[in-house]
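Same order as they appear, the protein sequences are chains V and R. Quick note on numbering: the first sequence equals residues 0 to 63 in numbering that gives the first Met the number 0. Quick note on numbering: the second sequence equals residues 0 to 794 in numbering that gives the first Met the number 0.
If you are wondering where the hints come from, they were derived from the structure by calculation, not from laboratory data. Incorrect hints may have been included.
Away from chain V, derived, C-beta distances all over 10 Å, residues of chain R [as the list claims (entries may be wrong)]:
1. F204
2. I343
3. K388
4. I764
Partial chain R-side listing against chain V, Cβ under 10 Å, derived [what the hints assert, rightly or not]:
5. S100
6. V173
7. V178
8. G184
9. I199
10. E201
Positions of the beta carbon are idealized from the N, C-alpha and C atoms, including for glycine.
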Amino acid sequence: MSIIYFLIGCSVMLACIFLVAFFWAQRSGQNDDLYTPSMRILLDDDVHVPAHTVDDDIGTGDKK
Amino acid sequence: MRTASIEKTTCYHCGDDCLTPNYVVEQKQFCCLGCKSVFEVLSESKLCSYYSYNDHPGINRANADRKFDYLNEPDIVNELIDYKDDNLTIVTFYIPQIHCSSCLWLLEQLNKMNPAIHYARVDFLKKQINIRFNHHNLNLQQLVELLYNIGYEPVISLQDIIKKQNAPIKDNLVQKIAVAGFCFGNVMLLSFPEYFGISIYEQGFRHFFGWLNILFALPVVFYSGWGYFVSARQNLHVKVLNIDFPLALGIGILFVRSIVDVAINNDPGFTDTLCGLVFFLLIGKYIQKKTYHHISFERDYRSFFPVAVNVLIDDIEKPIPLAQLQTGQRIIIRNNEIIPADAILLKGRAMVDFSFVTGESIPIGKTLGEIIYAGGRQTGEAIELEVIKSVSQSYLTQLWNNEAFTTQKNGSSKTFNEKVSKYFTIVLLAIAFGSLLIWLPFNAGRGLAAFTAVLIVACPCALALSTPFTMAAALSIFDRNLFYLKNTRVIEQMAAINTIVMDKTGTITNGDTNGIELNGKFTALQKQLIYSACVNSMHPLSRMICDHLGDQKRLPVNSYNEFAGKGIIANVGNHRLKIGSSKLVFGYAIETPGNTTIYISIDGSYLGYVTIKHNYRTGMDDIAGLNSAYDMFLLSGDQDHERENLLQFFKKPEHLYFDQSPQGKLDFILSLQNEGKRIMMIGDGLNDSGALKQSDFGIAVSDNVNNFSPGSDAIMDGRSFKKLPSFLRFSKDAVNIIHLSFIISLTYNIIGLSYAVSGRLSPLIAAILMPLSTVTIILFTTLATHFAAKKRNLL
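The following block holds chain V by itself, in its conformation from the complex (with noise of 0.2 Å):
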């Protein structure tokens, strides 16, 4: 049973690498904020032809 040791060793060292990767991730900032990344991700990024989306807003503005 002595490969307890050597179990319980790995298992705590694992741990301790996600502590440390969160510690790493709080100091850094990445829980700051939250909120806006999730708004973020649902814009799309660029649209490179703006003609299009100018007669899509026309046509959505006339069913208003």
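Fit chain R to the known structure of chain V by using the hints.
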């Protein structure tokens, strides 16, 4: 659908109704020039996707003309920016207009509009934007003008709330919880073999697990739980026994006893209890610290006064920082600008809107040579004034020099927890030493075991958690009902009050809508006559009548006489008008309960009357019901026109106070407090600031919580004003729940103590009792709070 859209068009930018068809671009209707120009700026930069994410994402821009010249002054710029080096400047702005994903999208595309901007990032909840830009190609003024042109004018004020909010929080609470949770989990896992029993052949593991647990306990005690030792020591220094003392004692004893057990007695120790205790305590601390990012409770006049003011020096206008403004200087105030210091009007027609100060939204006219108090907003043309008092010594602002603002008021009210923990600690120490002394003559080892066991098992973990969990749950209930409290501590203050003092204008009346009703038949000409007479008067009622009648042609007025408190007699054209009280018009008084009535007669014949509807907030009748339980006072800065109407709410005529100055309001609260009353002040304007601060629990009522509201303990949305009685009852429920949970946690302590005094506390019992009591308290407080909220119709 199609026909409807033709009949009534809404502004493509802001969604308001378009009253004129004058502003059309690319087949899109706009309500005003401001909205149209924003659209033009955006379409020029090919950023029209702004309008595709949401319908009408903009904010109405009808009345807006601002100057940002002062942003060229290096003194002011340095105050505002976060960082500056050779090429780069970083600045954070607070922009209250941020409200939807379109805002977010547009503001983060700023670099497309001007290449000098490297980076723009929005924090949506805080409504802030962080911008990095090259200051060689773009200065701060241009940046702010760019933001202004696209409809997002940043709020720039002297009291920098942004910087205060963004200051790093030093206590690292989240990290401490992470460490405690990590160690707690591992220790629990490693303790399982001990719970289930280790066979004789595997005794070697026992030592291994024991020492490993001690190792895990080290960061818990010396990192996560260290704050308790520090706080306990500080409190002992000032001779206060608060709850941190028994907690620190418990943590310390748990740690030492665990080491002794593992090292000498070959016992498993109490590390699992220790880690769990610290973990739960920190969780309690964390949930107590709810913050509202978009609301500030610490505002004073500085956050609403401008940063700079235009001063006339040798007939040349120059913006100077407000702090440098001296008496005797001449200042120029334009439309929508705020008068920053008491000043004499020298030039121009002043119509000053004191809505921020008193809540009264009708502008008041001032004549040349009259003193205008600081805090008013000029509407109309530019005026020239001479400053007679410095900014901090003005009639309104000197309020902040008062003692109420310079001293902390924490000492006056102790929370239940603080009151109880003193006695709790004394009893705890008495039992611990008692059991030590009783055992000592027979069995010293057993005595020490009993002594430590008492301190371990009676560690007031559940007691320490009951307040934070109850209050955090209560806070979120209030939050849901648009009632925002500064912190959890103030709920107990709210429950303890027995007197309610209210401001009138803007607090119990709706500030923005002043209803007026014209009764009787008037021809177009008669309306013109009335308008022409009333437009000469600066009285609020006359202004309301003029507003009601709308844009009329002014007829020549031959003679005009205004009688204070009575009305107007005027000759317009060849008609003689009498507008005013019944005494003026008829010569005798008519009793009209409930309403202010203005009678109108033209050429001696009575035509009809105008009633002013008092727009009291809905639910004032319910609030009047509080009269039986609380002493209710009215404290108004206005004249006593409405005394009769207000009596239906306040019952006792001697409890109505009118014509109160800002300082007078503060003094009034103080005098009530000296009579031993605990006061809740409800107000809205800057003139209530002193009273709000001095009172035991100050509520600022606001129709838009993002807007300005004076510093207070709580901010209430005007829509939830009618729920005030429920809020008060609910706060009392919350305090009762804390009392009940105290009894529950005491029961657990007594059960544990019965094991402890005999010196036979096994680690397993401690490890079961501690989390069990904690979970019971958390469950009880959360459920009971929700139940209470349901009962009060707050959920």
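Evaluation of the provided hints:
no., hint, result
1, F204, "violated (7 Å)"
2, I343, "holds (48 Å)"
3, K388, "holds (43 Å)"
4, I764, "holds (26 Å)"
5, S100, "holds (5 Å)"
6, V173, "holds (6 Å)"
7, V178, "holds (7 Å)"
8, G184, "holds (8 Å)"
9, I199, "violated (13 Å)"
10, E201, "holds (7 Å)"
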